[in-house]
Amino acid sequence: MTREETVSKTLATFRKVFGEAENINEQTTADDIRAWDSLNHIVLIQELEKTFNLKFNLFEIIEIRDVAGMVDYIFSKAGK
Amino acid sequence: MKIREITVGELPDFVRSEEYALLNPKPVTPLRAFSQFKNSQARPDDVALVFAAENNTLLAFAGILPHKAQGLEEPVFSNSGWWVHPEKGRKLGLSVLLKAFQLCNGRVILTDCTAHTQSILEKTNLFQFVPPVRGSRFFLRFYVGSLLRRKGKKGLVSFLFSLVDKLLNVPLSAWLSMIQNRKQASEFSLDVVKFSGAEHTAFIQKNPGKSFLVQDAGKLNWVVQYPWVTTEKEKAVGEYPFTHKVDQFKQEFLEIRHSKKLAVVLLLSVRDNHASVPFIYFEKEALNQAAQMLWSYLVKQKVDSLAVYNPELEKALRKNKRIWLLRKNIVRYAGYSKELETLFAEKEYFFQDGEADVAFT
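These protein sequences, in sequence, are chains A and B.
The number in this note's numbering is simply the position in the first sequence, starting from 1, with 24 added.
The number in this note's numbering is simply the position in the second sequence, starting from 1, with 53 added.
Derived from the structure by calculation, the hints contain no laboratory data.
Watch out, some of these pointers could steer you wrong.
[As the list claims (entries may be wrong)] The following residues of chain B were derived to be distant from chain A, with all beta-carbon distances above 10 Å:
{"hint": "1", "residue": "E71"}
{"hint": "2", "residue": "N109"}
{"hint": "3", "residue": "K144"}
[Claimed, not checked] The following label-pair restraints were derived from C-beta to C-beta distances:
{"hint": "4", "chain 1": "B", "residue 1": "A74", "chain 2": "A", "residue 2": "Q51", "range": "37 to 43 Å"}
{"hint": "5", "chain 1": "B", "residue 1": "R371", "chain 2": "A", "residue 2": "A45", "range": "51 to 57 Å"}
{"hint": "6", "chain 1": "B", "residue 1": "I383", "chain 2": "A", "residue 2": "D56", "range": "38 to 44 Å"}
{"hint": "7", "chain 1": "A", "residue 1": "R27", "chain 2": "B", "residue 2": "P78", "range": "43 to 49 Å"}
{"hint": "8", "chain 1": "A", "residue 1": "E87", "chain 2": "B", "residue 2": "G250", "range": "35 to 41 Å"}
{"hint": "9", "chain 1": "A", "residue 1": "A45", "chain 2": "B", "residue 2": "R187", "range": "38 to 44 Å"}
{"hint": "10", "chain 1": "B", "residue 1": "L378", "chain 2": "A", "residue 2": "E87", "range": "48 to 54 Å"}
{"hint": "11", "chain 1": "B", "residue 1": "E127", "chain 2": "A", "residue 2": "G93", "range": "31 to 37 Å"}
{"hint": "12", "chain 1": "B", "residue 1": "F87", "chain 2": "A", "residue 2": "G43", "range": "46 to 52 Å"}
{"hint": "13", "chain 1": "A", "residue 1": "G93", "chain 2": "B", "residue 2": "G205", "range": "44 to 50 Å"}
{"hint": "14", "chain 1": "A", "residue 1": "A45", "chain 2": "B", "residue 2": "G124", "range": "50 to 56 Å"}
{"hint": "15", "chain 1": "B", "residue 1": "G208", "chain 2": "A", "residue 2": "A92", "range": "55 to 61 Å"}
[Said to hold, decoys possible] Okay, derived cross-link-like pairs now, EDC-like style, lysine to aspartate or glutamate, Cα gap no bigger than 16 Å in a straight line:
{"hint": "16", "chain 1": "B", "residue 1": "K176", "chain 2": "A", "residue 2": "E71"}
{"hint": "17", "chain 1": "B", "residue 1": "K141", "chain 2": "A", "residue 2": "D61"}
{"hint": "18", "chain 1": "B", "residue 1": "K247", "chain 2": "B", "residue 2": "E308"}
For clarity, every value in this text was computed on a predicted model and none was experimentally measured.
In this text, a Cβ means the ideal position worked out from N, Cα and C, and glycines have one as well.
Whole structure, please, built from the sequences with the hints as guidance.
In structure tokens, the structure reads:
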């Protein structure tokens, strides 16, 4: 999987979880989305796991608070 | 923003520190801190508290209580409180809890969760929950007036309800006392005792039930000597997110003897006139009569209600429907981390009603 594909699928999953109304792009951070609290973070992780058919390490991914970081993390797992 | 970890050994100094004095709200009360420091089943280096704070504002915290478990060298830990600042801590709540989880080496039990907490924790895939623990709250007296007062309604309405409660409770008490005298079996006796000596210790070792956590005299005496709530208003420490001040709190050990032989030992807890049985150890054949004796004692003490989750005691109490004014189903949620899954799969362990931190409040 290319990085572009990872970005596209990640953004689609973010929009599914937080809604199309949120202006989500690669520069978006948790501070930009009010609903991105720690509980929705778990929901997001579950959705990303489904999207990429991967299992993430919760203790690693819980600290990632921006879309770019999430893309990097997923790409490091899915891109291999 | 900083995330801090406080160990059991550091708790007394922490609650005396300037850092603690400035924090608002507080992540632990001095009462809880000193109580945890006295935990005979904890080691000084065991984690007791993880919190996140920024500019002296507490954003989130997770309280931890170490325990000895059956057949295990290493301790297990229960979560004694998880709080998140409703505005400023929403993005941190789970991070703090997971940090605590890691510091406990993933050996965590949950004895008294809400359905909401269970649904959150299930999503982490770190915990396994047992089927909901169902119990009963048995009502012994009318107390609408005091209920209204506790909810802050101190006017004429609560006064009138208190009056009605009193009027209804007079004939009710007379009726309950009459039944109680009729049902008393003379070969049984109930006494309030101090938990001490070889007899009690041997009895609970012989009758531990299926308790996952180690039951011993040190633990039971610690629970009674170091509660986490106070009735002394001047001991208020500032804002704290969980209950720490109550109007009334009493704990006492009761022993029930059958033909002078020890048959039941239990800890009775009464908070604001509502009773619970945090710990009970019994000979099975004596339980029905013991339930009767317990009920008689609660009638004499003019307790408003009794909440019970212990399935055997609950069943024994329900056998006689006439004795309760009303019974209400209650439920709580319990589980354990997947690290402990094989232990629970091998044996049908259960948690006593007051297990982990429940008995302290």
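Results of checking the hints against the structure:
No Cβ of chain A approaches the Cβ of B:E71 within 10 Å, the least distance being about 29 Å, so the stated non-interface status holds. Separation of B:N109 from chain A is adequate, the least Cβ-Cβ distance of about 21 Å exceeding the 10 Å criterion. Listed as outside the interface, B:K144 is inconsistent with that label: its C-beta sits roughly 5 Å from the nearest C-beta of chain A, within the 10 Å cut-off. A hinted range of 37 to 43 Å holds for the C-beta pair B:A74 and A:Q51, which are about 40 Å apart.
A C-beta distance of roughly 53 Å is found between B:R371 and A:A45, which places it inside the suggested range of 51 to 57 Å. Against the hinted window of 38 to 44 Å, the Cβ-Cβ separation of B:I383 and A:D56 comes to about 42 Å, which satisfies the hint. At about 44 Å, the beta-carbon gap between A:R27 and B:P78 stays in the expected band of 43 to 49 Å. A beta carbon spacing of about 52 Å between A:E87 and B:G250 contradicts the range 35 to 41 Å that was offered as a hint.
In this structure, A:A45 and B:R187 meet the distance hint of 38 to 44 Å, their C-beta atoms being roughly 42 Å apart. A hinted range of 48 to 54 Å holds for the C-beta pair B:L378 and A:E87, which are about 53 Å apart. Separation of B:E127 from A:G93 is about 34 Å and conforms to the stated range, judged on CB atoms against 31 to 37 Å. Between B:F87 and A:G43 the C-beta distance comes to about 48 Å, which sits within the given range of 46 to 52 Å.
Between A:G93 and B:G205 the beta carbon distance is about 46 Å. The supplied range of 44 to 50 Å therefore holds. Hint check: A:A45 to B:G124, Cβ distance near 54 Å, so the stated range 50 to 56 Å holds. Restraint check, B:G208 to A:A92: a C-beta distance of roughly 58 Å satisfies the suggested window 55 to 61 Å. At roughly 11 Å between alpha-carbon atoms, B:K176 and A:E71 fall within 16 Å of each other, so this suggested pair holds.
For the hint pairing B:K141 with A:D61, the CA-to-CA distance comes to about 10 Å; that is within 16 Å, so the pair holds. Distance restraint check for B:K247 and B:E308: the Cα-Cα separation of roughly 9 Å lies within the 16 Å cut-off, and the hinted pair is therefore satisfied.
The structure is inconsistent with the numbered hints 3 and 8, although it conforms to all the rest.
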